[in-house]
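Asker: Using our numbering, the letters of the sequence shown map in sequence onto residues 454 to 1412.
Treat each hint with caution, since some may be false.
Unchecked claim - Derived EDC-like pairs (lysine to aspartate or glutamate); straight-line CA-CA distance at most 20 Å:
#1 Lys758 x Glu644
#2 Lys540 x Asp602
#3 Lys1286 x Asp1367
#4 Lys614 x Glu595
#5 Lys820 x Asp844
#6 Lys840 x Asp790
#7 Lys820 x Asp790
#8 Lys614 x Glu644
#9 Lys909 x Glu937
#10 Lys909 x Asp924
#11 Lys671 x Glu644
#12 Lys758 x Asp947
#13 Lys909 x Asp947
#14 Lys1114 x Asp1010
#15 Lys1114 x Glu1035
#16 Lys984 x Asp602
#17 Lys652 x Asp672
#18 Lys792 x Glu937
#19 Lys840 x Asp990
#20 Lys652 x Asp591
#21 Lys619 x Asp637
#22 Lys652 x Asp547
#23 Lys619 x Asp591
#24 Lys669 x Glu693
#25 Lys909 x Asp708
#26 Lys820 x Asp990
#27 Lys827 x Glu644
#28 Lys840 x Glu854
#29 Lys652 x Asp602
#30 Lys619 x Glu595
#31 Lys619 x Asp672
#32 Lys652 x Glu618
#33 Lys827 x Asp847
#34 Lys1114 x Glu1283
#35 Lys758 x Asp708
#36 Lys1114 x Asp847
#37 Lys619 x Glu644
#38 Lys820 x Glu1160
#39 Lys619 x Asp547
Calculated directly from the structure, the hints in this document are not laboratory data.
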Amino acid sequence: MKSSTPLQTLKRFGLAAAIAAVTWQANTAYSSDEVQVLRNAELTARALTEATPAATSEIRLIGQSTYQIRFGEEEFSRALPQRHEIKLRQQRFDPLEENLSRSESRYSHLLKADSQDNLHIVQLHTQAFAEYQQAIRDAGGEIVGHLADHALIVRMSEQEKNTIEKQHYVRWVGVYQPLYKMADSVVAQTESRSANTEKYSVLVFQPGMQHTLAEKLKDWGVEINYLGESTRLEVSLTPEQLTQLAQQNEVSFIDSWTDSQTYDDIAEQSSGSAHLQQVANYYGQGVRGQVMDDGIYTAHGDFQKRPPLYQGVYGSASPERHGTGTYGIVFGDGTGDPKARSPLSEGQGIFASYRSLEVADRMSLAKDLVDPQKGYRGVFQSNSWGKGVIDTADYDSYAAELDNIAFETGLLILNAAGNHGNFGPEGKMERLAFAKNIISVGGVHHFNTLTRADDKWADGNIYPSGRFAADGRIKPDLLHFFDEINAPHNSGPDKYNSFGGTSGATPLTAGHAGLVFQMWADGVFDGGPGKGRDVFDSRPKMATVKALMINTANQYDFSGLDADLRRSHQGWGMVDVKSLYEEAKKNSWSLPILVNETEILKPLQVHRYTLQSSGTSPIKATLVYTDPAGLPSSAQHRINDLTLKVTSPNGTVYWGNNGLKENMWSVPGGSPNIVDTVENVFVQNPQAGVWTLEVRGDEIVQDSHLETAELDADYALVVSAGSAGGSSTSSSSSSSSSSSSSSSSSSSSSSSSSSSSSSSSSSSSSSSSSSSSSSSSSSSSSSSGGNVCTSPQYVAGTSYSQGAKVQNLGQEFNCKVAGWCSSAAAWAYEPGKGLYWTSAWDSAGQCGGSSSSSSSSSSSSSSSSSSSSSSSSSSSSSSSSSSSSSSSSSSSSSSSSSSSSSGGAACNGIPVWDTGATYVGGDQVQYNNNKYEARWWTQGANPESNSSEWAVWKPLGGC
454 MKSSTPLQTL KRFGLAAAIA AVTWQANTAY SSDEVQVLRN AELTARALTE ATPAATSEIR
514 LIGQSTYQIR FGEEEFSRAL PQRHEIKLRQ QRFDPLEENL SRSESRYSHL LKADSQDNLH
574 IVQLHTQAFA EYQQAIRDAG GEIVGHLADH ALIVRMSEQE KNTIEKQHYV RWVGVYQPLY
634 KMADSVVAQT ESRSANTEKY SVLVFQPGMQ HTLAEKLKDW GVEINYLGES TRLEVSLTPE
694 QLTQLAQQNE VSFIDSWTDS QTYDDIAEQS SGSAHLQQVA NYYGQGVRGQ VMDDGIYTAH
754 GDFQKRPPLY QGVYGSASPE RHGTGTYGIV FGDGTGDPKA RSPLSEGQGI FASYRSLEVA
814 DRMSLAKDLV DPQKGYRGVF QSNSWGKGVI DTADYDSYAA ELDNIAFETG LLILNAAGNH
874 GNFGPEGKME RLAFAKNIIS VGGVHHFNTL TRADDKWADG NIYPSGRFAA DGRIKPDLLH
934 FFDEINAPHN SGPDKYNSFG GTSGATPLTA GHAGLVFQMW ADGVFDGGPG KGRDVFDSRP
994 KMATVKALMI NTANQYDFSG LDADLRRSHQ GWGMVDVKSL YEEAKKNSWS LPILVNETEI
1054 LKPLQVHRYT LQSSGTSPIK ATLVYTDPAG LPSSAQHRIN DLTLKVTSPN GTVYWGNNGL
1114 KENMWSVPGG SPNIVDTVEN VFVQNPQAGV WTLEVRGDEI VQDSHLETAE LDADYALVVS
1174 AGSAGGSSTS SSSSSSSSSS SSSSSSSSSS SSSSSSSSSS SSSSSSSSSS SSSSSSSSSS
1234 SSSSGGNVCT SPQYVAGTSY SQGAKVQNLG QEFNCKVAGW CSSAAAWAYE PGKGLYWTSA
1294 WDSAGQCGGS SSSSSSSSSS SSSSSSSSSS SSSSSSSSSS SSSSSSSSSS SSSSSSSSSS
1354 SSGGAACNGI PVWDTGATYV GGDQVQYNNN KYEARWWTQG ANPESNSSEW AVWKPLGGC
């Protein structure tokens, strides 16, 4: 397996992948506007496989504001910010400019660490590259955690501290005070002189530390209420013991204990937030999101610890019941009633009254919400209101406006479907809920019971809205509880009431979406929890969050278009963050396939991925793409058409959404979906072996990947396959027919063992499910006339410089990456041979003839290929083998390499038939100087002997 260049991989991970060795080779005294340079470093990115060659790196620190990085002969990256803030729970501050403002004498007992507590914050000038971390370890420091931004929590003696703080890469060193380890409510408890005990939830830094800490507590005579393999334990302490506990090196954080039923107690169990609270201490820390509604009762007790931020001219507006309830369902902390505690009880809410739209347009408000300079830094918006229900299911101007807002800002928007499901034959639905790029939320009556067996869509006189759009798109997207949701009320600071309707279902879903953002930032999908990245800065694309939520949603069992909880009523089911978290954990803190809008499709291109299935767990594949706003006058609401196709090892084809309107599981066959911007393939009992997944750019007519000048589109792809009883393998690919450079990104995750009760495992290396990635692609075009090769013959291990020209296999090649061109290792890139030579070489044409380049994808204008893969070892593993292609006659074509000779000019650009490749109707191949076109799907059928009038191959004449 081969991976991308280190720079491409670091770009893929937002330049957060760790570098194993960076050597400083310059003076360390600089003025503020000078450039510090880290260069000539042997590096191995943790995201790369052992097969990846070493390269050289150069990092430029530009004054105090930005830095750039490059590898080998490549250009420097764009300027990246040097982040100077220390982002503690109590306050963000630049340690060189200010101290934590919480310095009152009343907290002096928590602002001076005990002699046994020698934890320090070590802030670096840049990210914590592995070389920096290794140097800290070499100096005697023990790194126990990571802190935003650019900081480490290090256990070290005073002598070790004196050594480390003098290093050129260290910006600041300060004591990790006991105060920093406490929730606000816990800090207040330390002032009490009571001898009574209170119950607390204690989080330690790393697995295993909970047992060390427990032994200390036993010596103190402390009652341990809960202790397991999780990094969290529960203890009962006096105020004096609480202060002493905060001074222990193992302690990461201390919370007041509450039971698992916090906001709506049934909802937290059903959607998994209680599970995340217990195993990972996720309460929405760092998450900022907006609730837009009528008004909010700001004096409610649930909103006092983290008062709402306000956007818009009306601020909190009037203290309305509705807005108080919807905001509380997302951000209320349950001060007066633990059962009303929300999924994001420790997140930061932002409230906006929709009355502000009377004087400000919605687009500008949304842009401000995601503009980091404005200070809101919101990642989602929950709307339990709308512009009125309609019974035609049409896509109108309001839906188009909302689609455009989502498309332009990248904001994840959720909107209630309405409460009019029993109005008319199909019911009425909120007009905004028909927008493509948002999450529309329906409802289900749950009767305040945990079991799903008694849940119903139809009950009483009010039904949740839910119906397909007029063009057939599946709506709503998800659903949640329609009844008996405990929520804050505007009648008093300690008042609550039973909230309901899709007005309640929507904020419940939004709150769990916020937990997905927190999981992403903490590394659940790229190596393991504990990264603690800034939620806003590291946020995934909105299409990716939508795909993650839909892929692992808990569907209600149904069959048929008339079922009570049919697809048009439940959408894709109820969000289940527990299922999502455990899926990543089973796969060594990654997912089998996860694309975060990083692979770019051009018209008619196909991206192929492979997945090795053990056959013991269902395969679920979800494609979501953000589409430009549709035209309300059109009966077709989508603009571009990206299509999902999944093929089993025996050639059975599953098209996106085929059979899923009528059933929980996909039906083989059918035809490509041409309607939905969300496509799923759910296979309940997959055949064991290698599955092929394709994302096809069947119709791309408007640019939706605005980062490039070309007409192209991007997408989110999530594939889950479980891991129990077997292993899963995955690959991802991306290609661009017009690109001249190639990349393949690969990641490997080391095995990380933990018991099922553990809340976190030791960090494994970053995986391809990272929050961001960058891929480029290669062009390996055929040449018709050929040329006389005068360049020297390629010899593995020869030292080649960038631009050097060689000949090999009847072709000439130009060296792109000197280190890789010159390698003599087993994975050496022999030009023109294998799948990955294009990462090191560019083709310069063929010698004295014309033929298609082997191992390249076919395209109407050029052939290109690139691949990226992720592999992990544990209960599941992944590797890659992929190709991408485009064809003028079909959006699916196959890579080929064959010993059969290629033909003349008439066959230029047509791949040679490959017995192991799959072909679909319209694909063309050449074989023994003749052209053929596939009439339907085929694999292994020789064109020469299967080209009669009724055979799979249609003869097209000689070359």
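Asker: It remains to establish, for every hint, whether it holds in the given structure.
Answerer: Against the structure, the hints come out as follows:
1. With a C-alpha separation of about 18 Å, the suggested pair Lys758 and Glu644 falls inside the 20 Å cut-off, and the hint holds.
2. About 6 Å separates the Cα atoms of Lys540 and Asp602, which keeps this hinted pair within 20 Å; it holds.
3. Between the alpha carbons of Lys1286 and Asp1367 the distance comes to roughly 16 Å, so the proposed pair stays at or under 20 Å and holds.
4. Taken as a hint, the Lys614 and Glu595 pair is honoured in the structure, with Cα atoms around 11 Å apart against an allowance of 20 Å.
5. The hinted pair formed by Lys820 and Asp844 fails the criterion: a straight-line CA distance of about 31 Å is larger than 20 Å.
6. For the suggested pair Lys840 and Asp790, the alpha carbons sit about 33 Å apart, so the restraint of at most 20 Å is broken.
7. For the proposed pair Lys820 and Asp790, the alpha carbon gap of about 35 Å is over 20 Å, so the pair is violated.
8. A distance of roughly 31 Å separates the Cα atoms of Lys614 and Glu644; the hinted pair therefore is violated under the 20 Å criterion.
9. Annotation: proposed proximity of Lys909 to Glu937 holds, straight-line Cα distance about 14 Å (limit 20 Å).
10. Between the alpha carbons of Lys909 and Asp924 the distance comes to roughly 27 Å, so the proposed pair goes past 20 Å and is violated.
11. As the CA atoms of Lys671 and Glu644 are separated by approximately 23 Å, the hinted pair breaks the 20 Å bound.
12. Between Lys758 and Asp947 the alpha-carbon distance is near 14 Å, which keeps this suggested pair within the 20 Å criterion.
13. Distance check on the hinted pair: Lys909 and Asp947 sit about 32 Å apart at the alpha-carbon level, beyond 20 Å; violated.
14. For the hint pairing Lys1114 with Asp1010, the CA-to-CA distance comes to about 12 Å; that is within 20 Å, so the pair holds.
15. Annotation: proposed proximity of Lys1114 to Glu1035 is violated, straight-line Cα distance about 27 Å (limit 20 Å).
16. For the given pair, Lys984 sits about 11 Å from Asp602 by alpha-carbon distance, which is consistent with the 20 Å threshold.
17. Using a Cα cut-off of 20 Å, the hinted pair Lys652 and Asp672 holds, with the two alpha carbons roughly 18 Å apart.
18. Using a Cα cut-off of 20 Å, the hinted pair Lys792 and Glu937 holds, with the two alpha carbons roughly 11 Å apart.
19. A C-alpha spacing of about 32 Å is found between Lys840 and Asp990, which places the hinted pair above 20 Å, so the restraint is violated.
20. For the hint linking Lys652 to Asp591, the alpha-carbon distance of about 39 Å lies beyond 20 Å, and the restraint is violated.
21. Taking the CA atoms of Lys619 and Asp637, the gap is near 34 Å; set against the 20 Å cutoff, the hint is violated.
22. Distance check on the hinted pair: Lys652 and Asp547 sit about 34 Å apart at the alpha-carbon level, beyond 20 Å; violated.
23. For the proposed pair Lys619 and Asp591, the alpha carbon gap of about 14 Å is at most 20 Å, so the pair holds.
24. Pair hint Lys669 plus Glu693 holds up; C-alpha atoms about 15 Å apart against a cutoff of 20 Å.
25. The suggested pairing of Lys909 with Asp708 is violated, with an alpha-carbon distance near 37 Å, which exceeds 20 Å.
26. A threshold of 20 Å between alpha carbons decides the hint, and for Lys820 with Asp990 the separation of about 15 Å falls inside it, so the pair holds.
27. About 37 Å separates the Cα atoms of Lys827 and Glu644, which puts this hinted pair outside 20 Å; it is violated.
28. Proximity of Lys840 to Glu854 is assessed by CA-CA distance (about 12 Å); at most 20 Å being required, the pair is judged to hold.
29. For the hint linking Lys652 to Asp602, the alpha-carbon distance of about 32 Å lies beyond 20 Å, and the restraint is violated.
30. Straight-line distance between C-alpha atoms of Lys619 and Glu595 comes to about 17 Å, which keeps the hinted pair within the 20 Å bound.
31. With a C-alpha separation of about 38 Å, the suggested pair Lys619 and Asp672 falls outside the 20 Å cut-off, and the hint is violated.
32. For the hint linking Lys652 to Glu618, the alpha-carbon distance of about 38 Å lies beyond 20 Å, and the restraint is violated.
33. As the CA atoms of Lys827 and Asp847 are separated by approximately 35 Å, the hinted pair breaks the 20 Å bound.
34. A hinted pair counts as satisfied when its Cα atoms are at most 20 Å apart, and Lys1114 with Glu1283 does not qualify at roughly 49 Å.
35. With a CA separation close to 14 Å, the supplied pair Lys758 and Asp708 stays within the 20 Å bound.
36. For the hint linking Lys1114 to Asp847, the alpha-carbon distance of about 19 Å falls within 20 Å, and the restraint holds.
37. With a C-alpha separation of about 37 Å, the suggested pairing of Lys619 with Glu644 is violated against the 20 Å cut-off.
38. Between Lys820 and Glu1160, the direct Cα distance comes to roughly 18 Å. Compliance with the 20 Å bound is thereby established for this hinted pair.
39. A threshold of 20 Å between alpha carbons decides the hint, and for Lys619 with Asp547 the separation of about 19 Å falls inside it, so the pair holds.
Comparing the model with each earlier hint shows violations of hints 5, 6, 7, 8, 10, 11, 13, 15, 19, 20, 21, 22, 25, 27, 29, 31, 32, 33, 34, 37; every other hint is respected.
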